[in-house]
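Student: One letter stands for each residue in the lines below.
6 protein chains.
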Amino acid sequence: MQRPSGRSPDQLRPVRITRHYTKHAEGSVLVEFGDTKVICTASVVNSVPPFLRGQGQGWLTAEYGMLPRSTGTRMDREAARGKQQGRTVEIQRLIGRSLRAAVDLTALGENTIHIDCDVIQADGGTRTASITGAWVALADAINHLKATGKVNGEPLKRGIASISVGIYQGVPVVDLDYPEDSSADTDMNLVLGDDGGIIEIQGTAEAEPFSEAEFAAMLSLGKKAIAELHKLQKQALGEG
Amino acid sequence: MQRPSGRSPDQLRPVRITRHYTKHAEGSVLVEFGDTKVICTASVVNSVPPFLRGQGQGWLTAEYGMLPRSTGTRMDREAARGKQQGRTVEIQRLIGRSLRAAVDLTALGENTIHIDCDVIQADGGTRTASITGAWVALADAINHLKATGKVNGEPLKRGIASISVGIYQGVPVVDLDYPEDSSADTDMNLVLGDDGGIIEIQGTAEAEPFSEAEFAAMLSLGKKAIAELHKLQKQALGEG
Amino acid sequence: MQRPSGRSPDQLRPVRITRHYTKHAEGSVLVEFGDTKVICTASVVNSVPPFLRGQGQGWLTAEYGMLPRSTGTRMDREAARGKQQGRTVEIQRLIGRSLRAAVDLTALGENTIHIDCDVIQADGGTRTASITGAWVALADAINHLKATGKVNGEPLKRGIASISVGIYQGVPVVDLDYPEDSSADTDMNLVLGDDGGIIEIQGTAEAEPFSEAEFAAMLSLGKKAIAELHKLQKQALGEG
Amino acid sequence: MQRPSGRSPDQLRPVRITRHYTKHAEGSVLVEFGDTKVICTASVVNSVPPFLRGQGQGWLTAEYGMLPRSTGTRMDREAARGKQQGRTVEIQRLIGRSLRAAVDLTALGENTIHIDCDVIQADGGTRTASITGAWVALADAINHLKATGKVNGEPLKRGIASISVGIYQGVPVVDLDYPEDSSADTDMNLVLGDDGGIIEIQGTAEAEPFSEAEFAAMLSLGKKAIAELHKLQKQALGEG
Amino acid sequence: MQRPSGRSPDQLRPVRITRHYTKHAEGSVLVEFGDTKVICTASVVNSVPPFLRGQGQGWLTAEYGMLPRSTGTRMDREAARGKQQGRTVEIQRLIGRSLRAAVDLTALGENTIHIDCDVIQADGGTRTASITGAWVALADAINHLKATGKVNGEPLKRGIASISVGIYQGVPVVDLDYPEDSSADTDMNLVLGDDGGIIEIQGTAEAEPFSEAEFAAMLSLGKKAIAELHKLQKQALGEG
Amino acid sequence: MQRPSGRSPDQLRPVRITRHYTKHAEGSVLVEFGDTKVICTASVVNSVPPFLRGQGQGWLTAEYGMLPRSTGTRMDREAARGKQQGRTVEIQRLIGRSLRAAVDLTALGENTIHIDCDVIQADGGTRTASITGAWVALADAINHLKATGKVNGEPLKRGIASISVGIYQGVPVVDLDYPEDSSADTDMNLVLGDDGGIIEIQGTAEAEPFSEAEFAAMLSLGKKAIAELHKLQKQALGEG
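Chains as they are written, first to last, in full-length UniProt numbering: chain B, 1 to 240; chain H, 1 to 240; chain F, 1 to 240; chain R, 1 to 240; chain A, 1 to 240; chain L, 1 to 240.
FYI, nobody ran anything at the bench for these hints, they're computed from the structure.
A hint or two may mislead.
Okay, the calculated beta carbon distance ranges per label pair [stated by the list, open to error]:
hint, chain 1, residue 1, chain 2, residue 2, range
1, R, 11, A, 152, 54 to 60 Å
2, L, 51, H, 54, 52 to 58 Å
3, H, 54, L, 144, 26 to 32 Å
4, B, 20, L, 148, 50 to 56 Å
5, L, 46, F, 73, 35 to 41 Å
6, R, 86, L, 195, 35 to 41 Å
7, F, 73, R, 231, 44 to 50 Å
8, F, 1, H, 54, 44 to 50 Å
9, L, 73, B, 153, 24 to 30 Å
Beta carbons are placed, not taken as given, at the ideal position from N, Cα and C, and that holds for glycine.
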């Protein structure tokens, strides 16, 4: 088996995390996993949704989008169609759930953090890159809240990063790019905390079911890769 | 630890599968997991979506809904709001992916099977009950296609069933009902084939990450329960 | 003239009214007129819409839907299309108007009752079955409000039931099933109070206009049938 | 009992029918029932909707709207809200059904007639004025089709006109204006053919049920008024 | 060069401004520029949008629509499509901006004026006719506010009128009708105050760019025409 | 008068045009006017919209969007709201009209070019930056069509660039940034061809009307700036 990119099965694409990528958001990151590029912003609003008002806690919510020509063939613009696709909805719910696991909502006070992940160029793994980059934007936004005295405690509970793993031509591989992703037998997205705990596992057999042994091999590859990502996140924050 | 229902950790709720529940659909099943009740129909249409036309293969797609008062508090009717909720979209995509893994789309010919899962009473586990019940409706619809000579080969590749597992008060349990589901630490939905292969795993840490050991315990509980469900599906089809 | 079902012109289909059909709603009824089956729930919410706030009166509103495969050919799911059909809107307005005529809105206090009628199997006459079944669900919901001390007086002013009548092959008949309905010359829906008063009449000439004599014959058939329905409603409530 | 307008119970408001009101439509009528003013156009399109293609017959469909300030208080513009109200949907379905009863769809050939009724000033009875005026626009459009040789036979089967009747302060009255309509006990819309046949009856008890005797009195008033309207329609067409 | 209508290049079509055209609105005008006919109403609501509450100032907003058969070919009804077209949105924003320039929003107090411009017959220049007619409706609505003591000062700052100019077959002409508009090389809409100031200029090259000299010629024609329109507006208000 | 940025009245912000910014589109440009940054792509589709089929000509259409946090305060995501704002619609129509003036649609053959302008950081002048950048992306896309033999002639008729001009504190200035734009008396957007012809002029008085002299001063500033932009576009294309 030869990966189209020539990478070894456990090798990540070059990962770059650029902070302060745009100037308005409290946290703004360009994350690149090879040719996959996502702008992740974390925006602070000093209020909470109606269902949480007066309960002394905050909220985090996420939205995801792709520029129409971030992909090989132009997709319809969701704003013009008047509707988000099912895939978009599924991904933004995953991003939101994953990053809420990073936050102590009570320590956040009655603030809402809006995460926006917008793919400007897609080459596979956009959701895992989004989670990984958005966590850094989130950390910056929370640091902003602390620096400006809007929160006192520490709302950031843990590091969160994410990677895709899959079975490509019978071999477990990590961080699938688009050529791999579109022909993989199995695709799994892992979200892990920096304490090694599992935040989210989503594994899907594309054609044939996969075995527990294959699952174990993918999980092992994923854990190793996510440990690297946690390091890169900390380096980006100047804490590595 | 005492489960609210008094069940043992590995004990399913009473499961009932009633075929031919409504008269129009090629496959129509009422599936009950305890107080969770879902009408699952499989409808055959003799054509395929535009993106598949002329390729000599079929398609399967799924939709999910809840009656507005299937739940403790009345929900807005999605048809009146003009929009399906994110949760609905996520669930119907899961049902569709899972059941497509049961079908040889080439053997199906240029036919589309529409799966509709409509929850008439909810008490936790509606998506796993939907998949389990819809597979039986699918089998009936495929048998109808074969009996009427519309397909010649065997489009049904394998059995598919699904169950939820979770960590409730620190203990891994199977088939969570609503009181358990709403306070569980971790919630995982498993879809397995009757050959033991994994079709889909979706595990989510609600508050705290879960460990690999917890994951293994949940997977083990889930496999045992799904084996029972496969038996019940076959009994319902008179093949058990 | 022979009715497809072999019934005499003034003969209702077997009518069954099953209370407490689902467990969450304050009133929940499965109503069956032959093969037409509708789940009718009445849900109490302790508030009123904005246009009635502070006026010391309640409200009743109704919504109607059909499961996509309740019919011979699968219909698009309205929630997925993002829009209710004109027929749906027309029917739910009729159900709401009819049942509001059963309620003393002032005696109801600032409570809203949401009626949901969801057709799980259609064979003609879904709107008249819905009104007839929903009135029983409404009675249960109002009894619940009284039993729990949320209202003091008697908000239920009168019994309401509904039936279709039509001209089939030149002969006035009652309670048309689908084969009759789809080829009838005239279709009329009647909603009457148990005091014999007319709540709503909607008569439509499908192909040719109908005469006053035909109208009178239909009205007479309808009155007799609705008197039977009022008896069945009272029996279902244990008051018959 | 004194009607607010001083009319006798069986007295119509002044009715004016102005043909060729706008210049583009094949039929274009301004119809006035007192202060109620509706522009009714009939537009011919030389094709049919997909469900009728190739069947050698035509179609007629209707839409209804109110200018936002046609009423005492400004209403939201439906185009801006992105949704037609339930009342609008109900009315346009009534207009379409009623006028289809005037047309031999087979004689129409594969043409579609779009009826548009737009209320520019409302003072009660907009739907009955719409039907009455739109029939004249329809006649003009059909004459256009015949004059230009696009149809050979006679697609116009009969005259159609419509009026409202009601019980106002206990007395049956015809052609209710807004002050009457908003406080009437009962409201009934009648659509009759010029051969005296009933096309549509829609009677609604606003507060209390109405009796058969009241119904008969309203029907009698309505028949007399509609006979007058048929005369006015024919005069407008120069055939009276 | 011969204009299709035989007009000279600087000649307006006959302009008629009919006040009190419908009875409910505080200002209601039928404006006619030749065969272009628009109903313009100004409706007063005694509140302001949320973003202005408590700031002691008012607001003016505008909406625009065309009856489906106001044009040569029937257009889809925007309310039925569930969406306003881009052209509609663009025009109603222009009308709103232009008329806000006529109003001292602080003197208006916390009132909102809704302008509705509904085209009942189109023959080119509907947006400029709308602005010109709506200003008269606006003046009437403001006079109503002053007469009823709801405002004390003078919210009407200046007169506003609008005209189209263009290059037709190489010659600058004013007030283009549809045959000219659909084949013009350049189309420009001018909105001027009665003090000669420019409120809005929108010039578009349809096929070939236009020169500064052409621009100057068009501007000169437009200024002259708008001066006439200001006179006609004042005459309509009885102030001319 | 001192501009907030310290620029002289006729001084552009630093303009950067980066080609091949993303890898999938036939033309892909990052355009920066100071802190305003827009990704402009031109995507080729080998077909035309239905209204142009079989006419042997092509089409160009444009869409515009802003990332939710491209601005100082986060805006709602239009895809999630299900609707594009009026401002968005207005801008994308301007971009489309302007760039169509650059293209010989007949020479383009039956191809459609989709322009997408997505603002990743906003600081005033996003629409003029979009047009200027999108023209370069368009040139690249057309070169791609020529290089791959899909068109034979030269569809690119002329250069197009755009700038904003305004009156800031009484002084005409060019290329307004956000602090200027939000307090300017007048705002005008100019689109000019590289032959000096006017493609589009849109001038709006924000508070007080502007005079012809002010207009002339703004036009003069704009022409000079656009000549610079045409040079920068050609340099970016390696033709300068």
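Student: For the hint 35 to 41 Å, verify it against the beta carbon of residue 86(R) and that of residue 195(L).
Tutor: Violated, at about 56 Å.
Student: Take a look at whether the Cβ-Cβ distance between residue 20(B) and residue 148(L) falls inside 50 to 56 Å.
Tutor: violated, 40 Å
Student: With 24 to 30 Å as the target window, see if residue 73(L) and residue 153(B) comply at their CB atoms.
Tutor: Since the Cβ atoms of residue 73(L) and residue 153(B) sit about 26 Å apart, the hinted range of 24 to 30 Å holds.
Student: Taking the beta carbons of residue 54(H) and residue 144(L), is their distance inside 26 to 32 Å?
Tutor: With a Cβ separation near 29 Å, residue 54(H) and residue 144(L) satisfy 26 to 32 Å, so the hint holds.
Student: Using the beta carbons of residue 46(L) and residue 73(F), state whether their distance is inside 35 to 41 Å or not.
Tutor: holds, 37 Å
Student: State, for the Cβ atoms of residue 73(F) and residue 231(R), whether the hinted interval 44 to 50 Å holds or is violated.
Tutor: holds, 45 Å
Student: Residue 51(L) and residue 54(H), beta-carbon distance inside 52 to 58 Å?
Tutor: violated, 26 Å
Student: Between residue 1(F) and residue 54(H), does the beta-carbon spacing fit 44 to 50 Å?
Tutor: holds, 49 Å
Student: Just to be sure I understand the hint, the distance between the Cβ atoms of residue 11(R) and residue 152(A) should be within 54 to 60 Å; is that true here?
Tutor: violated, 46 Å
Checked against the numbered hints above, the structure violates hints 1, 2, 4 and 6; every other hint is satisfied.
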